[in-house]
Amino acid sequence: MKDAAGQPGEGSPLELDVIIVGAGVGGLYAIHKLRGQGMNVRAFEAGSGVGGTWFWNRYPGCRCDIESMEYSYSFDDDLQQEWHWPERYGTQPEILRYVNHVAERFDLMRDVELNTRVKTAHFDAATGRWTITTDTGVTATAPYIIMATGNLSTPQKPNFPGLDSFKGEWHHTGLWPPEGVDFTGKRAGIIGTGSSGVQSIPHIAQQAKHLTVFQRTANFSLPARNAPLDPDKEQRHKSEYSERRTAAYDTPFGIAGYPRPEKSALEVSEAERNATYEAKWAEGGSISFLYAFTDLLTSKEANDTASEFVRNKIRQTVKDPVTAELLCPNDHPIGTKRLILDTDYYETYNRDNVSLVDARRAPIVEITPTGLRTKDAEYELDAIVFATGFDAMTGAMKEIDISTTSGAQITEKWTGGPRTYLGLMMAGFPNLFMITGPQSPGVKSQMILSCEQHVNWIADCLAYLDRRNLQRIEPTQAAEDMWVAHVADTANQTLYPMANSWYLGSNIPGKPRVFMPYVAGVKTYTREIATVVENGYEGFVLSR
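With positions in the sequence shown counted from 1, the corresponding number in my numbering is that position plus 2.
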């Protein structure tokens, strides 16, 4: 029972209309949206603050790869008109400041439980309610649960032998200490050259006595061309916000303002093709570069021209030819892994205090008390940084024991890879929704747009159920099977599966090799989920 303040009595679960797991950008918007519909909601957040990925990833150089004027909420025009972004690409501290401002402005924190990690979530078919337990002892129950757990929120922690013996300090980029790390005068090593490695390496190199980079796989990185945001451009963008936000849903990546390509890379002369790439390189940014031609992600021959262009840029930038070749990716087409944006990444290898180790040719064998040992050599280190990525898209949900009285369990259901309908729900798990779940465009889109899109869809669905006095919604197995096959077929029409990427789970030992994002694009996905609703929630069973 509840007390006079609406809180549960001692030993009783908190009774809610909707449980939200996670208070990143998606979870926070879910609080705002559902509260606006008169629902009693609460978000449970493992961190000591809100912001999700922008709360945890505090490593030096951490920055968004979507332009700041686009990477923001659209649900309140006053908010987007008043907020000032100082740079073309937002830094982690600035984005976190923005998220906290939103939480304060819309009084969201009163419905957030911080420092509270959800351990179990169980659906009782007899009562039609989900019940969660947490590591703090707090329990809650509600008819509906929304998993706003994020796609990059479960760090792939290092499992090298000997780590416990290391006498220096070590850090994971995804669990960076809030107070920061001082590498001044230290011999530092960094393992991994994905996004967090590429962004942090130039900053660590400026501090450290010496930085040794251990690279297993070279990745493509493009110049961000970051700069202070031009005031005239900012005002022009704000004056067009309404039109741009609407237009974003009519694009592949959920970002407006980039002219769509009209020609194949193979139908123009070499001179015209290189001139186009040069212009995109000078402009900076990943979306613009991938929009150079129509077929960069569908034709290997076309993609080869872009890949070789970037490899030549690396060779022109890095003075030592051996190091330059090591930094040239040759195992995947450009764009089939998430393109990295950097500031002076390749230039950093021209510094006297930076060296590159080929960890594919000479794998790391163990961490030692004084550093690490590869197959070929020992390295004396005072500090080690693990830029080893995340168990992306599925890791956070599989860390929670999600089950139902009918015997469904998330770990069993996803043994062979994630299975969802629309990336929003799963057969066998009634009333459980996901925000930017696997098999949606989430990680291949402007993430805040996709968060808003999913929350709006969920909110409309709950309102639909309420109007019809219905209490339960669940996808059919046939609809889920169809969607899983459609997502796979769509990916197989592109070059994406050619890369050993976190899109496929390739960075996690033993994880099933399944392409997880929906790459038909935001425009197509928007049409798909709207059609489902127009057809009376086609593919779902709705019941009392």
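Please keep in mind that the hints were generated in silico from the structure rather than gathered at the bench. Hints are not guaranteed to be accurate.
Said to hold, decoys possible - Distance windows between CB atoms, simulated:
id, residue 1, residue 2, range
1, Pro-514, Glu-368, 23 to 31 Å
2, Glu-536, Arg-515, 17 to 25 Å
3, Glu-264, Thr-138, 50 to 58 Å
4, Tyr-539, Pro-261, 30 to 38 Å
5, Gly-40, Pro-15, 45 to 53 Å
6, Asn-332, Glu-540, 17 to 25 Å
Note that the Cβ used here is the ideal one computed from N, Cα and C, for glycine as well.
Here is what the structure says about each hint:
no.	hint	verdict
1	Pro-514 x Glu-368: 23 to 31 Å	28 Å, holds
2	Glu-536 x Arg-515: 17 to 25 Å	35 Å, violated
3	Glu-264 x Thr-138: 50 to 58 Å	56 Å, holds
4	Tyr-539 x Pro-261: 30 to 38 Å	37 Å, holds
5	Gly-40 x Pro-15: 45 to 53 Å	21 Å, violated
6	Asn-332 x Glu-540: 17 to 25 Å	45 Å, violated
Going down the numbered hints, you'll see the structure goes against 2, 5, 6, while the others check out.
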